[in-house]
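Participant: Using the sequences plus the hints, can you model the full thing?
Just so you know, the sequence shown maps onto residues 1 to 395 in this note's numbering.
Hint data in this document are derived by calculation from the structure and do not stem from the laboratory.
Some clues are possibly wrong.
Said to hold, decoys possible - Have a look at the derived ranges for each label pair, beta carbon to beta carbon:
hint	residue 1	residue 2	range
1	T282	D134	23 to 29 Å
2	L290	S373	57 to 63 Å
3	A262	K82	34 to 40 Å
Claimed, not checked - Within a straight-line C-alpha distance of at most 30 Å, the following computed DSS-like cross-link-like pairs (lysine-lysine) qualify:
hint	residue 1	residue 2
4	K280	K306
5	K137	K211
6	K181	K200
7	K137	K200
8	K278	K143
9	K181	K221
10	K186	K137
11	K278	K132
12	K357	K306
13	K132	K211
Note that CB positions come from ideal geometry on N, CA and C, so glycine has one too.
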Amino acid sequence: MKRLNYLTIILSGDQSEKPGLLTKETPEPIVTFGGAYRLIDFTLSNCLHSHTGVIGVLTQNCHPDFAEYIHSCASYAPTDKKAEIVVLPPKTINDRYEYYRGSADAIEKNMDFIEQHNPDALLVLSGDQIYKMDYAKLLAEHKKHAPAVTIAALQVPWTEAPRFGIMETETGGRITDYEEKPFQPKSNLASMGIYVFNWKKLKQYIQQNNKNHGSGKDLGKDIIPLMLMMGETLTAYLFDGYWKDISNIYNLWEAQMELLSASPRFRLQDESWNTIHKDKTTMKHYDSRLSENAQIINSYLAEDCKVRGTVRQSVVSAGVEIMDVAKVVNSVIMPGAKIGRGAFVHRAIIGANAFVKDSMIVDGANPNGVGSSYSHGVALYTSPLSDKQMQQAIS
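Facilitator: Shown next as structure tokens:
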């Protein structure tokens with residue numbers, strides 16, 4: 001079968017729409033995950049393994065670190081998996097950014113880039129999800145059935161269904177009903193935010209939506225329901241692998257705790273589909289390690305971190321220092337953070353370069369006011385080291 005002519009677009013997230021995962025200075029897609037990876041590495045790895053060719057990364061955030069990281073991705077990919085990656089921030093008009101007002105608006109504002117490649121289909125992905133998928137199979141299904149859009153979908157727990165676009169299907173996968181984030185879902189078949197659109201139809205419906213509903217600018221809330229209402233054929237592509245949408249602090253924490261389970265459903269590296277990433281930090285899993293000053297149990301640690309306390313069921317990134325008699329339990333410690341002497345960190349995410357002072361308690365299970373926010377029993381603490389504190393920590 002002749003390969004479908006398509007273009008890949010990654011929607012890399014907007015910090016104004018979601019709780020800031022760690023700091024205002026770090027764009028969400030390049031937040032560290034698993035000690036040595038960035039959130040967007042997983043979607044980019046899927047693209048590179050699937051040989052998707054040209055990739056446009058649409059970003060609301062114009063941070064230079066994000067652009068630099070994305071531009072470098074093409075250089076560290078293996079020779080047989082190279083791709084052209086283009087960063088597409090909002091355009092400026094009269095020295096002001098015309099920020100994207102939703103996923104459909106982001107695509108509309110980049111129609112000139114898309115039209116340059118003249119695709120038959122548009123593969124639209126999210127840059128803040130943890131999963132492994134061969135997009136070639138998804139694209140083949142789209143080509144076979146030729147709907148207006150193919151939506152990757154999976155069954156989610158009923159309690160989680162209100163967080164997603166929910167669909168009902170008939171035999172053969174044709175979608176008969178679709179509702180974005182329903183209060184009372186009729187199904188638990190959820191959209192993964194992974195789409196293959198017929199490009200001509202998508203462009204047509206974005207333009208029609210502008211005429212009819214000028215305020216709605218979202219693919220899930222506005223464009224897909226409009227397509228369904230107008231009688232277009234929409235099909236679901238069922239996915240049964242591991243998938244995690246990193247939409248809040250709890251999900252970011254939970255996905256990393258799942259790496260430490262006895263039989264993890266998701267592995268950062270495997271022979272058939274490894275996660276391609278820039279950071280060369282070496283992470284090592286310790287079942288149990290005891291020394292004179294340290295105790296490490298079922299944790300992932302970066303090779304260069306320094307531990308003189310207890311670490312249990314945690315992920316500890318590069319450049320981290322955990323002082324004497326400190327305890328880190330069920331937590332994620334981001335690069336460069338320092339955990340002071342006698343501190344206790346439990347069910348928490350400690351941000352990059354943050355400093356947990358001596359004897360301080362950061363406990364998501366028992367909130368005590370220490371932490372910038374809490375989500376489902378997980379604390380986020382991001383207070384950075386001052387220059388003086390940094391010198392004291394080093395000494």
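Participant: Each hint needs a verdict: does it hold in this structure or not?
Facilitator: Hint check:
1. The hinted range of 23 to 29 Å is satisfied by T282 and D134, whose Cβ atoms lie roughly 28 Å apart.
2. Between L290 and S373 the C-beta distance comes to about 35 Å, which lies outside the given range of 57 to 63 Å.
3. For the pair A262 and K82, the beta carbons lie near 37 Å from each other, so the given range of 34 to 40 Å is met.
4. Restraint check for K280 and K306: the C-alpha separation of about 18 Å stays at or below 30 Å, so the hint holds.
5. A C-alpha spacing of about 35 Å is found between K137 and K211, which places the hinted pair above 30 Å, so the restraint is violated.
6. Restraint check for K181 and K200: satisfied, since their Cα atoms lie roughly 27 Å apart, inside the 30 Å limit.
7. Distance restraint check for K137 and K200: the Cα-Cα separation of roughly 22 Å lies within the 30 Å cut-off, and the hinted pair is therefore satisfied.
8. For the suggested pair K278 and K143, the alpha carbons sit about 33 Å apart, so the restraint of at most 30 Å is broken.
9. In summary, the hint linking K181 to K221 is supported, as the alpha carbons are separated by about 9 Å, within the 30 Å threshold.
10. With a C-alpha separation of about 28 Å, the suggested pair K186 and K137 falls inside the 30 Å cut-off, and the hint holds.
11. Restraint check for K278 and K132: the C-alpha separation of about 18 Å stays at or below 30 Å, so the hint holds.
12. Between K357 and K306 the CA atoms are separated by roughly 16 Å; this keeps the pair inside 30 Å, and the hint holds.
13. Straight-line distance between C-alpha atoms of K132 and K211 comes to about 38 Å, which puts the hinted pair past the 30 Å bound.
The structure does not agree with the numbered hints 2, 5, 8 and 13 stated previously, though it agrees with the rest.
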